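Undergrad: Okay, here's what each chain looks like letter by letter:
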Amino acid sequence: MPPLSPPSAAPFDPSRPYALHPQVALRPESFGALAYHFGTRRLSFLKSRTLLAVVQSLADQPSGLEACRSAGVPAEELGDYERALGLLVDSGMICERVA
Amino acid sequence: MTVVAPGTGTRLVDRFERGLDAPICLTWELTYACNLACVHCLSSSGRRDPRELSTAECKALIDEFERMQIFYVNIGGGEPTIRSDFWELVDYATDHRVGVKFSTNGSRITEAVAARLAASDYVDVQISLDGADAEVNDAVRGEGSFATAVTAMERLAAAGFTGSKLSVVVTRHNVGQLDRFLEMADHYGAQLRLTRLRPSGRGADVWDELHPTAAQQRQLYDWLVRRGEEVLTGDSFFHLAGFGDALPGLNLCGAGRVVCLVDPVGDVYACPFAIHDEFLAGNVRASGGFTSVWRQSDLFLELRQPQSAGACGSCGHYDACRGGCMAAKFFTGLPLDGPDPECVLGHGEHALDARGDIETPRPAPDHSSRPRQVAVALTSSRHGAPGPAAIRMPTPDRRPDRSCDEHPLSGYAPGPVPTAT
Chain A
1 MPPLSPPSAA PFDPSRPYAL HPQVALRPES FGALAYHFGT RRLSFLKSRT LLAVVQSLAD
61 QPSGLEACRS AGVPAEELGD YERALGLLVD SGMICERVA
Chain B
1001 MTVVAPGTGT RLVDRFERGL DAPICLTWEL TYACNLACVH CLSSSGRRDP RELSTAECKA
1061 LIDEFERMQI FYVNIGGGEP TIRSDFWELV DYATDHRVGV KFSTNGSRIT EAVAARLAAS
1121 DYVDVQISLD GADAEVNDAV RGEGSFATAV TAMERLAAAG FTGSKLSVVV TRHNVGQLDR
1181 FLEMADHYGA QLRLTRLRPS GRGADVWDEL HPTAAQQRQL YDWLVRRGEE VLTGDSFFHL
1241 AGFGDALPGL NLCGAGRVVC LVDPVGDVYA CPFAIHDEFL AGNVRASGGF TSVWRQSDLF
1301 LELRQPQSAG ACGSCGHYDA CRGGCMAAKF FTGLPLDGPD PECVLGHGEH ALDARGDIET
1361 PRPAPDHSSR PRQVAVALTS SRHGAPGPAA IRMPTPDRRP DRSCDEHPLS GYAPGPVPTA
1421 T
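So the sequence lines, in the order shown, correspond to chains A and B. Numbered per our numbering, the first sequence spans residues 1 to 99. Numbered per our numbering, the second sequence spans residues 1001 to 1421.
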């Protein structure tokens, strides 16, 4: 049975490696994706396909920042995407990867 | 629900109105059999339907949910735990990454069941209760049902299950008890869920007497503005958005767009509050299965088209309430492109007055165990075969001059809401 809120995690650090939480499922949709956390029962909406691509590439990239770059996020939008990843860390959807 | 930008300027709600590849939230009534006979039952449950999906058919449907990545299903009924294969199906779903939240009256939550539930990450429980005391609850749900529900909550809490749901349909008689419900939920480590009373199923028979008055709607809205972040509402009360600020949630009718209902015989309806041929999109037993019904049925494709605001087009609040609940309008005999019967500006009441005393659409099918509290007109059943008489209008015990006679996203909003953009 789920905890009502995810355990508090350290804030997102773009220089560190991340991955989708093992209890999270991603469902691509035309607008982006739905992410559902089976542990916390929380649903998140990823509001762009690029963000989906970033999240999908996290596990294969050495850092959050590299995941953004590999997914083609333009330099001027990096700040927006880092904030988005920060929200996903806060809600437990993605977590720091133990390299 | 959290909305994570960056993204395009299109509002998510506009995307949802055009439908998704799979529902966000799917309600699956497993059986029409029930050991209670709640007067407002939106599925008119009581007797098991002999055509109920078999265990194998249910598992095949779960396989389909898995392929469509439907993250979780809201299982209800009837009383779903009555099915002898209930736990087998719950285990099958969770083994296939389809989470389960099931609604129950609590009668089968033994200590052993509570312990089993507490050990699972993928199963959530929702206990139905419609009064903060036995008097108010039992009048609607039947004698002894308050004690049964409270015992179930006690057992869940004792087993260490936190975060279960205490699910309340807001009525004229319990709208003053919302703080007490919240205290009860806190006491049992549960979360309060409030939903709207719809004139669906047997609810059509009692809606006049049970739906909150206009003054109570305001009281409910103010309470939700104050405490709404602490409770789940399944986006149930978007028709109240006309009072001012939008309430937490999407404020969208999700019928056929992001939600739908699968009934015990596999019929797929637009939403849990619309069990009627008018909102029947197809059956999972047909070739193509559920996927085809969801993606290609005429009804669902139509519901995903831009809807006319109709009579509400000139109202400044239309963007907030979107005309309210389709099912509430339908079952009160109001046009679907007009105001909700509980329109907070009073347009619904006017529409009901103007409508006069027409014969409202009868919810069907009816699986009530006992004759409903309507006069029994002894007509033959639909196919003319002998058998139990179909219970139809007229309903002479309803006030002939009554001033009147629906989520969707039901069970949705799994978390405190939005950091929306």
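Among the hints, a few may not be true.
Here's a subset of chain A near chain B, in silico, CB distances under 7 Å, partners left out [to be verified]:
hint : residue
1    : Ala25
2    : Glu29
3    : Phe31
4    : Phe38
5    : Gly39
6    : Ser44
7    : Phe45
8    : Leu65
9    : Arg69
10   : Ala71
11   : Ser91
12   : Cys95
13   : Val98
FYI, nobody ran anything at the bench for these hints, they're computed from the structure. Keep in mind the model is a prediction, meaning the values are calculated, not measured. Note that the Cβ used here is the ideal one computed from N, Cα and C, for glycine as well.
Undergrad: Does Phe45/A pass the interface hint, meaning its C-beta sits closer than 7 Å to a C-beta of chain B?
TA: holds (5 Å)
Undergrad: Grab the minimum C-beta distance from Val98/A to chain B and call the hint holds if it beats 7 Å, violated otherwise.
TA: Status violated, d = 21 Å.
Undergrad: With a cut-off of 7 Å, does the beta carbon of Gly39/A approach a beta carbon of chain B closely enough for the hint to hold?
TA: At 6 Å from the nearest chain B Cβ, Gly39/A passes the 7 Å test, so the hint holds.
Undergrad: Can Leu65/A be said to touch chain B, with a Cβ gap under 7 Å?
TA: Leu65/A check fails; min Cβ-Cβ to chain B is 16 Å, beyond 7 Å.
Undergrad: Would the hint on Phe31/A be counted as holding, given a Cβ-Cβ threshold of 7 Å to chain B?
TA: holds (5 Å)
Undergrad: Less than 7 Å between beta-carbons is the criterion; does Arg69/A satisfy it with respect to chain B?
TA: violated (15 Å)
Undergrad: Under the criterion of a CB-CB separation shorter than 7 Å, is Phe38/A in contact with chain B as hinted?
TA: Where the cut-off is 7 Å and the nearest Cβ of chain B is about 6 Å from Phe38/A, the hint holds.
Undergrad: Could you check if Cys95/A really has its C-beta closer than 7 Å to a C-beta on chain B?
TA: violated (15 Å)
Undergrad: Using Cβ atoms only, decide whether Ser91/A comes closer than 7 Å to chain B, and label the hint accordingly.
TA: For Ser91/A, the interface hint holds, since the closest Cβ of chain B sits about 5 Å away, which is under 7 Å.
Undergrad: Once the shortest beta carbon distance from Ala71/A to chain B is found, is it less than 7 Å?
TA: Ala71/A check fails; min Cβ-Cβ to chain B is 12 Å, beyond 7 Å.
Undergrad: How about Ala25/A: closest beta carbon in chain B under 7 Å, or not?
TA: holds (6 Å)
Undergrad: Min Cβ distance, Glu29/A to chain B: is it shorter than 7 Å?
TA: With Cβ-Cβ at 6 Å, under 7 Å, it holds.
When held up to the earlier numbered hints, the structure conflicts with 8, 9, 10, 12, 13 and fits the remainder.
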